[in-house]
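J.: If you use mature numbering (1 follows the signal peptide of the UniProt record, and there is no 0), the sequence shown corresponds to residues -16 to -1, 1 to 396, in order.
Check before you lean on any hint, since a few could be wrong.
Unchecked claim - The calculated lysine to any residue pairs, modelled on SDA-like cross-linking and capped at a C-alpha distance of 20 Å, are:
#: 1; residue 1: -13; residue 2: 113
#: 2; residue 1: -13; residue 2: 258
#: 3; residue 1: -13; residue 2: 268
#: 4; residue 1: -13; residue 2: 115
#: 5; residue 1: -13; residue 2: 280
#: 6; residue 1: -13; residue 2: 85
#: 7; residue 1: -13; residue 2: 329
#: 8; residue 1: -13; residue 2: 332
#: 9; residue 1: -13; residue 2: 62
#: 10; residue 1: -13; residue 2: 52
#: 11; residue 1: -13; residue 2: 228
#: 12; residue 1: -13; residue 2: 114
#: 13; residue 1: -13; residue 2: 169
#: 14; residue 1: -13; residue 2: 189
#: 15; residue 1: -13; residue 2: 257
#: 16; residue 1: -13; residue 2: 163
#: 17; residue 1: -13; residue 2: 109
#: 18; residue 1: -13; residue 2: 149
#: 19; residue 1: -13; residue 2: 118
#: 20; residue 1: -13; residue 2: 66
#: 21; residue 1: -13; residue 2: 251
#: 22; residue 1: -13; residue 2: 89
Stated by the list, open to error - Computed beta-carbon distance windows for the label pairs:
#: 23; residue 1: 188; residue 2: 279; range: 44 to 50 Å
#: 24; residue 1: 333; residue 2: 259; range: 20 to 26 Å
#: 25; residue 1: 233; residue 2: 372; range: 25 to 31 Å
#: 26; residue 1: 169; residue 2: 379; range: 47 to 53 Å
#: 27; residue 1: 227; residue 2: 388; range: 33 to 39 Å
#: 28; residue 1: 231; residue 2: 299; range: 46 to 52 Å
#: 29; residue 1: 294; residue 2: 148; range: 34 to 40 Å
#: 30; residue 1: 379; residue 2: 228; range: 26 to 32 Å
Don't read these hints as lab results, they were simulated from the structure.
Glycine included, every Cβ here is placed at the ideal spot set by N, Cα and C.
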Amino acid sequence: MHGKLLLLAGLYLVQGLPYGLQSGLLPMLLRAGGLSLTRVGLAKVLYAPWLFKLVWAPLVDTRGSPRAWVVLSTAALGLLCGLLAALPPTEAGQAGLPVTVAGLLLLLNLGAAVQDVALDVLAVQLLEPAELGPGNTVQVVAYKLGSVLAGGGLLALVPTLSWPLLFLLLAATYWLAAALAWAAPALQQRPGPQASELPPHTLHLLRDLLAVSGTLWMAGFVLTYKLGEQGASSLFPLLLLDRGLSAPELGLWNAVGAVACSIAGSFLGGALLARHRQLLPLLRSVLRLRLGGLACQSALLFYLDTPGARLGPGTVLRGAALLSLCLQHFLGGLVTTATFTLMMRCSQLAPSALQGTHYSLLATLELLGKLLLGTLAGALADSLGLRFCFSLFLALSAMPILYLSLAPGTLA
């Protein structure tokens, strides 16, 4: 089992690099450059390829080998990083990203989304039922570690290293990962699908996916379980920036400290699942804890959203705000690991030739739910105010707790 987990960890780590680059580095640079919360939020449109994974998931699931898809997509990510190294991140007189850089970042997300489907196929095929807890812990933790290395790490290194050197380093990382994936024995042993197993590429495919036991309930859950959390995590760091925290300090706490707490939460979730804790009761408990943490963060925000409120150095309020930021990421890590384990359990109920596509469907819906509030949160805050937004986030975070009572017995 350890060999499989180590392989998945390395591949999911490099897959998290584009997300960290665009979630940790770009928002801080754009906000520091004077862009409105609305324009900063709309930069998340670069994540669009992740919403269309279901378009190419059947192709990845049934044509060629997972090894070939992983190697080619990872090598392509290295090529795109090499091209980004040759372009300046900003142009004189332009507020925001140059069109060419934005286009390459969009392609970077496309390559990472193709790689993600191939890795999902591998994970569903490689992991036994008893390995789902540790396997999904590795998946979530490695992805987050990759995002923090590219987000907080890049934000800390930008004053020291040049933009070209940073992207050349990322390119070398991708090409090394592609070479290791090509040589991995576990991938060489994976057989391709048999001709009799290939599903027809018709409109019946979606019907077949939705017919898998528990899929409709699971789709509703993954669409809604992160709405409140994602909206709050998109706005709260930007409010701290507006109230006196510097971009480097906030990058350290939001991209390094907070993600380290998220990883710790994921590890705890995996440890609890490995000890055969029942999945649905565990998920209900951590959702309640997350709701309580968000209530505390909302109380802080209500105070900070008053004229003259500042986060002075060494104050209790500053420490409480940063602690709240880290606590929510810790609880979010717990919730994510449990949810991804539940998603994979549901996908393993599908026919073998549909399992990767089924998991991609759930993962796409999960991302859609996160992007929905993450993208619109800035516009809501600009038009309706932060207090209304966080009240809405609290209500949305309570919904999944009630929804769990409707879970089908096949997922218990």
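J.: Against this structure, judge whether each hint is valid.
T.: Okay, the hints, checked on the actual structure:
no.: 1; hint: -13 - 113; verdict: holds, 14 Å
no.: 2; hint: -13 - 258; verdict: holds, 16 Å
no.: 3; hint: -13 - 268; verdict: violated, 30 Å
no.: 4; hint: -13 - 115; verdict: holds, 10 Å
no.: 5; hint: -13 - 280; verdict: violated, 40 Å
no.: 6; hint: -13 - 85; verdict: violated, 36 Å
no.: 7; hint: -13 - 329; verdict: holds, 18 Å
no.: 8; hint: -13 - 332; verdict: holds, 18 Å
no.: 9; hint: -13 - 62; verdict: violated, 23 Å
no.: 10; hint: -13 - 52; verdict: holds, 17 Å
no.: 11; hint: -13 - 228; verdict: violated, 45 Å
no.: 12; hint: -13 - 114; verdict: holds, 14 Å
no.: 13; hint: -13 - 169; verdict: holds, 10 Å
no.: 14; hint: -13 - 189; verdict: violated, 30 Å
no.: 15; hint: -13 - 257; verdict: holds, 18 Å
no.: 16; hint: -13 - 163; verdict: holds, 17 Å
no.: 17; hint: -13 - 109; verdict: holds, 11 Å
no.: 18; hint: -13 - 149; verdict: violated, 32 Å
no.: 19; hint: -13 - 118; verdict: holds, 11 Å
no.: 20; hint: -13 - 66; verdict: violated, 29 Å
no.: 21; hint: -13 - 251; verdict: holds, 17 Å
no.: 22; hint: -13 - 89; verdict: violated, 30 Å
no.: 23; hint: 188 - 279: 44 to 50 Å; verdict: holds, 45 Å
no.: 24; hint: 333 - 259: 20 to 26 Å; verdict: holds, 24 Å
no.: 25; hint: 233 - 372: 25 to 31 Å; verdict: holds, 28 Å
no.: 26; hint: 169 - 379: 47 to 53 Å; verdict: holds, 50 Å
no.: 27; hint: 227 - 388: 33 to 39 Å; verdict: holds, 36 Å
no.: 28; hint: 231 - 299: 46 to 52 Å; verdict: violated, 19 Å
no.: 29; hint: 294 - 148: 34 to 40 Å; verdict: holds, 38 Å
no.: 30; hint: 379 - 228: 26 to 32 Å; verdict: holds, 29 Å
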